[in-house]
Structures are given as structure tokens and as C-alpha cells.
Amino acid sequence: MALKKLGNKNKLVEVQQILGPHFDLQSVKIDLPELQGTTQDVSKEKCRQAAEIVKGPVITEDTSLGFNALNGLPGPYIKWFLEGVGHTGLNKMLDGFEDRSAFALCTFALSKGPGTEPILFEGRTDGSIVQARGPTHFGWDPVFLPDGFDTTYAEMDKDIKNTISHRGRALAKLREYLEKEENN
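Using the working numbering, you'd call the opening residue of the sequence shown number 9 and step up by one each time.
Please note that the accuracy of each hint is not assured.
[Unchecked claim] Now the in silico label distances, taken between C-beta atoms and shown as ranges:
1. E184 x G94: 18 to 26 Å
2. D155 x L33: 28 to 36 Å
3. G123 x L33: 37 to 45 Å
4. G156 x G80: 19 to 27 Å
5. G156 x K63: 42 to 50 Å
6. K181 x F146: 20 to 28 Å
7. W88 x D165: 27 to 35 Å
8. I127 x E106: 33 to 41 Å
9. P143 x V36: 34 to 42 Å
10. F146 x A180: 30 to 38 Å
11. I127 x F157: 28 to 36 Å
12. F157 x V36: 27 to 35 Å
13. E106 x Q34: 41 to 49 Å
14. K63 x V93: 35 to 43 Å
None of these hints come from the bench; they were simulated from the model.
The beta-carbon is built from N, C-alpha and C at its ideal position, and this holds for glycine as well.
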């Protein structure tokens with residue numbers, strides 16, 4: 009199946025690694041308005057708009073990083089928080105809290121084309137926020153330590169990360185759906 013994927017190149021490579029070669033993905037740069045709301049509402053609306061623009065099937069992705077001590081903030085606004093305060097600032101946000109637990113949430117939305125209702129696929133990984141460790145070129149990966157591991161996302165072998173990550177879990181659901189659709 010041919011799909012267009014919005015977003016950055018690092019994510020596209022990771023998505024292709026997880027979905028495998030059976031799915032033809034193209035990255036398309038589209039400027040969409042920054043929406044506010046729940047991750048699910050934002051994902052659906054962004055996907056609807058993208059399908060209208062590309063005039064075909066599309067998947068979009070939204071990622072959140074929520075700190076439990078802050079009732080889920082920064083959540084879907086993590087990109088802006090990270091740009092504003094960096095890895096050190098994300099850690100400082102939790103200074104004064106004993107609870108450094110966090111969750112990573114990834115929501116993929118699939119539209120089969122203009123006028124179709126997007127379908128959501130979500131994955132979640134629980135963990136904690138730590139001082140930055142590992143390469144710093146992929147968002148907040150250096151500060152997220154998944155539960156049950158002693159390495160941050162940034163320090164992990166890519167195959168392990170792709171299996172246990174919020175993105176990997178969401179994409180496993182998307183892949184299963186696409187394979188069923190293809191076999192029908």
C-alpha cells in the first residue's frame with residue numbers, strides 16, 4: 009500500500025524500519041496549522057486536512073511526553089517545550105517533585121483519502137525522566153528511560169527501541185490493520 013507520511017526524516021526512517029519494506033511510504037512536507045486539544049482530536053483533524061491536501065491516503069503522527077507529577081504536561085506540546093528549555097530544562101521542570109515518572113504516547117491517524125474518517129492507532133510506553141544520556145539528535149530520547157530498562161531511548165539499540173517504544177507499539181497496530189485490509 010502506498011501512503012504519504014507527514015513529518016521529519018528521522019521519524020520516517022524509524023517508521024519504515026518498523027513497518028517493513030512491504031509498505032511504500034513517502035514523506036510530504038505540509039504546513040498545517042498547530043491545533044490544540046486532545047491528542048486524539050488533533051490527530052484526526054490533522055489527518056483530515058492532510059488527506060485533502062495530498063488528495064489520497066495519508067498517515068500522520070502525533071507524539072506526547074507526559075510527566076505524571078505535572079498531570080500529563082507537557083503532553084502534546086513537548087516539541088515546543090523541548091525547543092524552549094532543552095533536555096536540561098525538561099529535567100528542571102521536575103525539580104521539587106519526587107515523582108519523575110512519565111509516559112510516551114504516540115498516535116498515528118490513517119485516512120484512506122479525502123472525506124474519510126481517520127482511524128487512530130495508539131501506543132504507550134511508561135518510564136521516567138532522567139538526565140540526558142546518549143545521542144541528542146532525536147528529540148527527547150536522551151531523557152526518557154522506559155520502565156524495565158537501564159538505557160534511555162537514545163542509548164538503545166534501534167531494534168530494541170522499535171519493539172518497545174510508543175511509536176513501535178502504535179505502528180504494530182497500524183501494520184496489523186493494513187495487512188488485514190490488504191487481505192480482504
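Does 30 to 38 Å hold as the CB distance between F146 and A180, or does it fail? Once the Cβ atoms are compared, 20 Å apart, the range 30 to 38 Å for A180 and F146 is violated.
Against the range 37 to 45 Å, how does the distance between the Cβ atoms of G123 and L33 compare: consistent or not? violated (22 Å)
Outcome of range test on Cβ distance (D155, L33; 28 to 36 Å): About 30 Å separates the Cβ atoms of D155 and L33, which means 28 to 36 Å holds.
Are G156 and G80 spaced within 19 to 27 Å by their CB atoms? holds (22 Å)
Could you see if the CB distance from I127 to F157 stays within 28 to 36 Å? At 30 Å between Cβs, range holds.
Tell me if the beta carbons of E184 and G94 are separated by a distance inside 18 to 26 Å. violated (37 Å)
Take the C-beta atom of I127 and the C-beta atom of E106, compute their distance, and say whether it sits inside 33 to 41 Å. holds (39 Å)
Is 34 to 42 Å right for how far apart the beta carbons of P143 and V36 are? At 27 Å between Cβs, range violated.
Go ahead and decide if the range 20 to 28 Å is satisfied by the Cβ distance of K181 to F146. holds (22 Å)
Hint check for K63 and G156 - Cβ pair distance inside 42 to 50 Å: Given a distance of about 44 Å, which is inside 42 to 50 Å, the answer is holds.
Starting from the hint 27 to 35 Å, judge whether the C-beta atoms of F157 and V36 obey it. Since F157 and V36 have Cβ atoms about 34 Å apart, the given range 27 to 35 Å holds.
For E106 and Q34, compare the CB-CB distance with the range 41 to 49 Å and indicate the outcome. holds (46 Å)
Of the numbered hints stated above, those contradicted by the structure are hints 1, 3, 9 and 10, listed in ascending order.
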